[in-house]
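Protein chains: 2
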Amino acid sequence: MPHLSPKQAEIIAIGSELLTPERVDTNSLIVTRHLNLLGVEVAAKHVIGDDRVRLIEAIRAALERSDILILIGGLGPTEDDVTRDAVAVALGRKLTLSLQQESILLEKFRQFNRAMAKNNLRQAYLIEGAEALPNPRGSAPGQFLSTGRGAVALLPGPPRELEPMVENELVPRLKPVLPPQVIRVRSFRITGIGESDLDTLIAPVYTKYTNPMTTVLSSPGDLWVHLRAQSDSEAEADALLREVGNPIVELLGDRLYSERAGDTLDAVVARLLRQHHTTVATAESVTGGMVAARLTDTAGSSDYFVAGYVTYTDEQKHQILGVSEELLARHSAVSEPVAAAMAQAARTRSGATYGLSTTGYAGPAGGTEFDPVGTVYLGIAGPAAAKVIRVRYGSDRFRTRTLATQGALDLLRKSIGSLLMDFRTRPTP
Amino acid sequence: MPHLSPKQAEIIAIGSELLTPERVDTNSLIVTRHLNLLGVEVAAKHVIGDDRVRLIEAIRAALERSDILILIGGLGPTEDDVTRDAVAVALGRKLTLSLQQESILLEKFRQFNRAMAKNNLRQAYLIEGAEALPNPRGSAPGQFLSTGRGAVALLPGPPRELEPMVENELVPRLKPVLPPQVIRVRSFRITGIGESDLDTLIAPVYTKYTNPMTTVLSSPGDLWVHLRAQSDSEAEADALLREVGNPIVELLGDRLYSERAGDTLDAVVARLLRQHHTTVATAESVTGGMVAARLTDTAGSSDYFVAGYVTYTDEQKHQILGVSEELLARHSAVSEPVAAAMAQAARTRSGATYGLSTTGYAGPAGGTEFDPVGTVYLGIAGPAAAKVIRVRYGSDRFRTRTLATQGALDLLRKSIGSLLMDFRTRPTP
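Line by line, the protein sequences are chains A and B.
Everything in the first sequence is counted per this note's numbering, starting at 1 for the first residue and increasing by one.
Everything in the second sequence is counted per this note's numbering, starting at 1 for the first residue and increasing by one.
No copy is singled out in the list; a pair is fine if it fits within one copy or between any two copies.
Restricting the straight-line Cα-Cα distance to at most 20 Å, the calculated cross-link-like pairs of lysine to aspartate or glutamate (EDC-like) are:
1) 108 / 197
2) 118 / 195
3) 208 / 80
4) 108 / 396
5) 208 / 51
6) 108 / 371
7) 7 / 51
8) 108 / 369
9) 108 / 195
10) 118 / 199
11) 208 / 81
It is worth saying that the hints were derived from the structure and are not from the lab.
Remember, predicted model here, so these are calculated numbers, not experimental data.
The whole structure should be built from the sequences, with the hints applied where relevant.
This is the structure we're talking about:
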């Protein structure tokens with residue numbers, strides 16, 4: 001078989017149920033994972049209902065654009081199952097009954113101890129030039145065709161039939177038609193910067209390269225930069241990742257909290273607390289328990305999480321944490337001195353190494369001229385010193401609480417093991 | 001505007017991250033649900049990477065086949081965000097800076113207290129003839145264009161920006177271009193029963209009807225039954241909803257917590273606490289602050305949420321809540337008496353009407369022969385009595401914590417205003 005150079009694939013999932021508000025195609029994820037490992041990019045995915053005309057058109061269009069086309073589903077025995085027929089029509093090939101597939105099918109039904117309905121015979125039809133892919137877990141065989149430019153595969157929809165067929169039948173048949181190639185990835189997990197500011201910061205580096213390819217993903221307060229290098233040697237792929245990744249690391253500074261793709265800020269903070277044999281307690285107002293919930297999200301969190309106080313009112317800040325009534329009256333609950341006192345109290349009352357506090361206006365009501373809605377004070381008290389930072393998150397309640405929680409965890413991350421001797425630092429009494 | 005007869009829609013989700021093995025497009029489900037409610041069927045869905053050329057081609061092809069085209073994502077401020085430009089090119093229309101959108105954008109950044117990076121200005125460009133769709137939760141406006149045959153809409157990718165925009169901006173603009181038809185819906189929000197048990201309970205009622213169409217959606221601890229009746233008169237549609245809905249209400253009993261589609265258990269509990277002029281305090285172990293976080297999720301929660309204690313260790317349960325060391329030693333922290341003592345302490349120490357407690361084994365480690373991993377005790381103490389329930393949730397940490405949080409809120413919901421005179425009830429000391 002000649003070594004073609006297919007690089008791009010498309011996936012079509014077939015089934016009207018995948019076009020309802022309840023169902024989502026996840027089969028394509030299995031196929032994508034295996035294609036990526038072979039160095040093949042998925043350029044587009046489609047979901048088409050059980051509609052022969054639309055499917056024929058979709059197949060034709062995909063084959064004009066892409067080297068490899070994977071079709072998933074629509075291989076059952078009913079009138080609805082149009083995939084075999086649509087591929088044959090789109091390629092201008094015949095669909096003929098395979099006597100070998102017919103006898104395999106009859107044998108399967110004999111084993112299942114079921115009579116074979118006549119429509120099941122549809123599953124024994126192969127597209128001209130196609131190789132049948134055995135399906136030990138179901139009745140419909142897959143099909144594999146090499147085309148001038150690449151390949152077309154028809155795979156069954158049920159995930160437990162699909163997955164082994166991809167691994168055992170599809171991958172070995174695709175390998176010989178692909179150029180040998182290596183894919184290496186590098187990930188950066190980032191917090192403390194907005195998406196567009198991040199892009200302004202690092203785009204001058206990554207836009208100079210198409211290999212590695214750079215992707216930026218974001219959720220509130222959390223960003224992910226992903227580099228993916230393609231090459232014919234591991235050494236070169238790694239060199240490419242260093243060439244682009246290292247300057248990005250420099251630019252990110254301490255906003256980079258992890259280089260592990262699956263990491264979360266919670267997990268990083270948990271690791272740091274363990275490494276330094278330290279513990280934490282929380283005193284939350286504006287975040288209402290969200291910081292404690294994140295800190296206890298990881299198994300074994302009782303090793304480093306000691307206690308949490310959610311003090312929503314002035315009275316509770318005084319009663320539970322011992323923040324002085326005079327301090328509350330003079331500065332109000334949303335203030336630097338009260339955030340400091342809360343962090344300090346969380347630390348001393350629980351005996352934890354660090355006390356972490358949040359107080360602010362989540363909105364929509366509240367706020368002052370100096371501290372409008374969205375203003376949050378985040379406090380930390382440690383063995384050597386205490387520190388408060390003031391942040392303004394904007395006017396959306398959900399966003400403010402989420403970002404303040406992330407901000408508090410990040411303040412803890414940056415403080416663990418340091419002496420907290422920053423600007424705005426005040427000595428621990 | 002003329003009454004066209006568009007019936008078929010296509011959805012294109014844009015973003016290279018949606019072509020990786022880790023991410024799946026779920027935004028299209030939100031859009032599909034709303035389109036279906038308008039009587040529009042989704043005929044095909046596509047995922048295209050951040051690839052301008054492929055996207056232009058996909059838009060052109062979709063517009064040849066379908067009446068309505070919805071594009072989701074790719075409206076951000078970076079070079080990667082190609083949707084605006086691709087639609088303009090595909091339609092042969094200009095893309096021009098809207099001074100109004102520019103000033104809205106500047107105002108948003110002013111509110112967020114962030115400097116606007118220059119690339120954000122991309123978000124102020126509108127396609128010729130398009131109407132901007134306001135986005136109160138993000139910076140990128142949506143866009144709506146009516147075409148000769150139907151409509152094209154550009155919507156933002158983040159789900160919390162997308163969902164309100166679909167409901168408040170897209171649906172009202174699509175209605176006038178669709179043939180008139182009455183669709184009426186009825187929703188049931190349910191907790192305290194699993195999805196398959198629920199289906200066993202209510203399927204005998206709803207499977208007799210195809211109109212209304214019944215859908216069951218589930219997330220951990222929370223279920224949604226949705227009836228959709230289609231008719232040419234409101235009266236008939238409503239009669240259909242009564243015919244199927246009323247017997248379902250009977251069967252659900254107090255597991256039905258709301259008939260408002262957009263309601264959450266948090267919001268229902270908040271309304272009940274307000275109505276009865278009552279307050280609550282929490283003492284959490286296994287849920288680590290998640291109950292407090294849910295209770296403070298609603299604006300104005302300081303009216304009814306007094307205080308939260310997260311006591312993760314025996315020592316803290318004793319020190320912070322005053323649970324006796326003897327009780328902890330005799331029964332262990334995960335036990336009915338300790339759950340009761342925690343709830344009682346939360347109530348008395350804070351002065352709240354109700355004290356709500358959680359203690360259990362989230363796993364993966366821990367547990368005893370009698371109380372294996374996944375066992376949780378939920379306690380409530382009220383003016384008249386206290387009550388503890390024991391639940392077993394299974395071995396997944398995330399699931400156990402989520403279900404225990406939901407269970408605690410549901411226990412509170414059922415207790416507010418009642419005298420808590422149930423089995424397992426013990427008198428308040």
